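> Residue numbers (our numbering), protein chains in the order written: chain A, 7 to 493; chain B, 7 to 493.
Take these hints with a grain of salt, some might be off.
Identical copies go unnamed one by one, so any copy, or any two together, can satisfy a pair.
[Stated by the list, open to error] In the DSSO-like style, the derived pairs of lysine-lysine whose C-alpha atoms are separated by at most 27 angstroms in a straight line are:
1. Lys-157 / Lys-83
2. Lys-389 / Lys-475
3. Lys-229 / Lys-403
4. Lys-186 / Lys-410
5. Lys-469 / Lys-419
6. Lys-83 / Lys-159
7. Lys-247 / Lys-136
8. Lys-229 / Lys-386
9. Lys-229 / Lys-249
10. Lys-265 / Lys-419
11. Lys-116 / Lys-457
12. Lys-265 / Lys-352
13. Lys-419 / Lys-386
14. Lys-338 / Lys-83
15. Lys-129 / Lys-116
16. Lys-94 / Lys-128
17. Lys-435 / Lys-410
18. Lys-229 / Lys-419
19. Lys-419 / Lys-435
20. Lys-416 / Lys-232
21. Lys-16 / Lys-352
I should point out that these hints are in silico values taken from the structure, not numbers from a laboratory. Predicted model, so just to flag it, every value in this text is computed and none were measured.
2 protein chains.
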Amino acid sequence: MHETILDVSKRRGIIYPSFEIYGGVSGFYDYGPVGSALKRNVEDLIRRFYLVEEGCVEVNCPTLSPEDVWVASGHTKSFTDAITECSKCGEPYRADHLIEENTQQSVEGKSMMDLWSIIQEKKITCPKCKSSLQEPYNYNLMFQTYVGPGKYKTTAYLRPETAQTTYLGFKRLWEFARKKLPFGVLQIGHSYRNEISPRQGVIRLREFNQAEIQFLVDPENKKTDKFDSVSEIKVDILTGKGKELETTIGKALEDGVIKIQFVAYQLGRAFQLFTEMGINPARLRLRQHRDDERAFYSSDTWDIEFSSESFGRIELVGIADRTDYDLTAHMKLSKQDMTVNIDGRKFVPHVIEVAYGIDRPIYCILESCLAEEQDRTLFKFPKNTAPYLAGIFPLVKKDGLPEKALEVFKTLKNNRVYIFYDESGSIGKRYARADEIGVPYCITIDYDSLKDNTVTVRERDSKEQSRVKITQLLRHLSLVDNSKEVF
Amino acid sequence: MHETILDVSKRRGIIYPSFEIYGGVSGFYDYGPVGSALKRNVEDLIRRFYLVEEGCVEVNCPTLSPEDVWVASGHTKSFTDAITECSKCGEPYRADHLIEENTQQSVEGKSMMDLWSIIQEKKITCPKCKSSLQEPYNYNLMFQTYVGPGKYKTTAYLRPETAQTTYLGFKRLWEFARKKLPFGVLQIGHSYRNEISPRQGVIRLREFNQAEIQFLVDPENKKTDKFDSVSEIKVDILTGKGKELETTIGKALEDGVIKIQFVAYQLGRAFQLFTEMGINPARLRLRQHRDDERAFYSSDTWDIEFSSESFGRIELVGIADRTDYDLTAHMKLSKQDMTVNIDGRKFVPHVIEVAYGIDRPIYCILESCLAEEQDRTLFKFPKNTAPYLAGIFPLVKKDGLPEKALEVFKTLKNNRVYIFYDESGSIGKRYARADEIGVPYCITIDYDSLKDNTVTVRERDSKEQSRVKITQLLRHLSLVDNSKEVF
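Extracted from the complex, chain A is given alone in its bound form (with noise of 0.2 angstroms):
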């Protein structure tokens, strides 16, 4: 299935390798046109859930930020993996990885004397070339930089996530929420991993993109009056403790499953999201983190994931309650103040971060979309993330009849979707090009549209068509909202 899916993705124009004119670097990919596309997509769609529906508001921090940050963060010091290198051909290697490979055990949370003592016990050697490995080193998976000239120059790194980067922003954000608990605070951008093999496609990069909404609350209010909407949702779901359960989020939380309503509420929204994506439902599962795993301050921390045909379960969301660890530590780096006042009571805010990657998403609708039928090879992308809405084409070259496509072009344009017109080759040329990189409707302007303004409709999936007077196009592509009761 990888194969299939980045073979069509290459050809399609969705995502390939980066700078491969120069052999390429491997953790950095490009997205074509039709990925850019779909990238875009998805990002308006977070934007639409999180800033209109849930009111948050949006921030865009540097990728690049001084030390501090990352000191404040811990970054600098436990951001980190250990590598071990063949003491004979050089290669690198994870040393946790190594091991578990090795010894089919987990080495979570072993310290890099622990991993060195397993490494000479078992006498682990190079994978290539058999040689010993030599100690372990930590590796910190921060890009590191410097800005500006002689003596003012200073050390940065690019972001590894951009939660800190909306951290730091607190006391503005706080002016412009009114003083009010919770309010959210969405970020879409790059981050960075410096991964020492990334070896997964798109799953795992060393540039990627993130979507990650802080939501300050109130430690002793982690509820939401919204609850409702998302508690009959069905979800399957793996506990701390290893237990699988098919339930639904009301059920979860009333169970104690989940602890946290708040987060509760965002497990469903997010669930809801990547529905809506195009991201098949049946293959999500809400994954609670172990102890082990867990941040020692968070109190409950989840996972959505994808189950993936070529990369097994895929994390595409981790949902935590930070509690107020962050702002905590960079009020004390920074000695700024990022206590509230809420009648009276004196407290930093708790932080509950719903923290998407971009990439693992776009990936899995892929996945999901991909239909292989008899005749055809197509992405049946929801009208949400398809790269185009319908593509507009005249039926021959001549005859006013591109005019006439045109005209219908430029109505719908203007109602803010995303259209192409196109006039070269067959019919059934463009409907196939059209299938292949998803695009929900072919509106094709022929002689008769000429005579009584009707234009055909073609639908992707089913393949029907029907004939729709251009008055009604925008009802039909359900392009104005269908509730006559108000509208």
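Given the coordinates of chain A, work out where chain B should sit on it, guided by the hints.
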């Protein structure tokens, strides 16, 4: 003016310096909630212009790229400033700026040795401590880092422009464009420039946002059949010879001032785009590069500049015929063929680049739209870029008004627009808050709304209020296209 805009910007969550709690680093800014909305809308508008109307495609490439890319493009060698440092206090200066300030003469094109001679000859000293200056050295403006561990460690740079990363994928894009010229490729994203001492707020940033379009064209046909749509646009021009003209795009091409029709068309489109963003077109000027500043390979290069009250002339977009320079450079270093074959003619396509900054136009929108009236200071953003199209307000927080208001909210939001709901404070206060961040419409739901399904729509600039049927809201806010002939 600059003070006002930046003060207002901080207070209203538009743009403010990054890392403030750690003392800040010059050249880095955060977009706050309102600024992020402006940025999103500016980028959306650029996408609508180029992807939908011009039929371009979009790509997203990494910001971090290996050394080869920047060797081929010439950036490792030439993307430098000459720095001279004070022999006593160590303060670093750009040698060219220092000489120009002291001698009022341009040093464009002078070598490092020339600069050093002038400094010695004119006895230029450190402006801070008056001590002697040291011999200048070359300072590369790219941020450097390393990718990968141990023996795989390789040099990489944060890109100083998106353009080169777009060129790398040329062969794939050529396939996607079905091997026809012209085609255009948009890339929106961050770029980086390790400025020596950035001091002009968001005008000169170390990490900035770009939207660059590379049009691949046939060197024998740098034309478009859409030129008529821009030929009547009235523009102020400063020619490369220093002549000021008031003319039209069409006349400027006819008179040979603009040398290439495709470039003239793109100048017209950029002018239209800035106007639609909300930038005052009366403050725009088309400036042709002088012979001594134009890249040697370019036959014609233009900027569009904005006349800022705080910063003087600011370059907002550069439009250049880059010929086959970049593709040929990458072809040579990578040994990959970048020629195309059209009707038996084999050649490397030419590139006409349209390179927008994002941060500067946003600043110019703020300068153009800030209005100081007797009783309020507001932003008169056009609907295209306003952070929200409308606020939805129930008159009071009871008697079913919030429910009715949320019903209107829900239906409007389904039409792919950004709106917000606000029920706190008096209606007057809510109007004031909406004005401050430039929201065009406020929609109030009152007791009459429950009876006759009408709402009060208050328009920002005129403050006029009108009673609108809920069923007519979409049309009133121009959310459905009004060209009734078609729909």
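> A separate judgement is required for each hint: does it hold in the structure or not?
Here's how the hints hold up against the structure:
In this assembly of identical chains, Lys-157 and Lys-83 lie within 27 angstroms of each other by CA distance both inside one copy and across copies; the values are 25 angstroms within and 23 angstroms between. In the homo-oligomer, the alpha carbons of Lys-389 and Lys-475 lie at most 27 angstroms apart inside one protomer (21 angstroms), although the nearest pairing across protomers, at 30 angstroms, exceeds that limit. With identical chains, the CA atoms of Lys-229 and Lys-403 are at most 27 angstroms apart between copies only, with a shortest distance of 21 angstroms across copies and 60 angstroms within one. In this assembly of identical chains, the alpha carbons of Lys-186 and Lys-410 lie at most 27 angstroms apart only when taken from different copies (24 angstroms versus 54 angstroms within one copy).
In this homomeric assembly, Lys-469 and Lys-419 come within 27 angstroms of each other (Cα to Cα) only inside a single copy, at 24 angstroms, whereas the closest approach across copies is 30 angstroms. Within a single copy, Lys-83 and Lys-159 get their C-alpha atoms as close as 22 angstroms, and across copies as close as 21 angstroms, so both meet the 27 angstroms cut-off. For a Cα distance limit of 27 angstroms, the shortest separation of Lys-247 from Lys-136 qualifies neither inside one copy, at 38 angstroms, nor across copies, at 70 angstroms. Taking the shortest alpha-carbon separations for Lys-229 and Lys-386, neither the intra-copy value of 37 angstroms nor the inter-copy value of 38 angstroms comes in at or below 27 angstroms.
In this assembly of identical chains, Lys-229 and Lys-249 lie within 27 angstroms of each other by CA distance solely inside one copy; the values are 26 angstroms within and 66 angstroms between copies. When the C-alpha separation of Lys-265 and Lys-419 is checked against a cutoff of 27 angstroms, the pair qualifies neither within a copy, at 46 angstroms, nor between copies, at 32 angstroms. Taking the shortest Cα distances, Lys-116 and Lys-457 never come within 27 angstroms of each other, neither inside one copy (77 angstroms) nor across copies (69 angstroms). Taking the closest pair of Cα atoms, Lys-265 and Lys-352 come within 27 angstroms of each other only inside a single copy of the chain (25 angstroms); across copies the shortest separation is 67 angstroms, beyond that limit.
For the homomeric pair Lys-419 and Lys-386, the shortest alpha-carbon distances inside one copy (22 angstroms) and between copies (25 angstroms) are both at most 27 angstroms. In this homomeric assembly, Lys-338 and Lys-83 come within 27 angstroms of each other (Cα to Cα) only inside a single copy, at 17 angstroms, whereas the closest approach across copies is 43 angstroms. For the homomeric pair Lys-129 and Lys-116, the shortest alpha-carbon distance inside one copy (18 angstroms) is at most 27 angstroms, but the shortest distance between copies (63 angstroms) is not. Taking the shortest alpha-carbon separations for Lys-94 and Lys-128, only the intra-copy value of 19 angstroms comes in at or below 27 angstroms, while the best inter-copy value is 59 angstroms.
For the identical chains of this complex, Lys-435 and Lys-410 are intra-copy neighbours only, at 21 angstroms inside a copy versus 49 angstroms across copies, given an alpha-carbon limit of 27 angstroms. In this assembly of identical chains, Lys-229 and Lys-419 lie within 27 angstroms of each other by CA distance solely across copies; the values are 25 angstroms between and 41 angstroms within a copy. In this homomeric assembly, Lys-419 and Lys-435 come within 27 angstroms of each other (Cα to Cα) only inside a single copy, at 23 angstroms, whereas the closest approach across copies is 36 angstroms. For the identical chains of this complex, Lys-416 and Lys-232 are inter-copy neighbours only, at 15 angstroms across copies versus 40 angstroms inside a copy, given an alpha-carbon limit of 27 angstroms.
Proximity of Lys-16 and Lys-352 under a CA criterion of 27 angstroms is satisfied inter-copy only: 25 angstroms between copies versus 55 angstroms inside one chain copy.
Checked against the numbered hints above, the structure breaks hints 7, 8, 10 and 11 and satisfies the rest.
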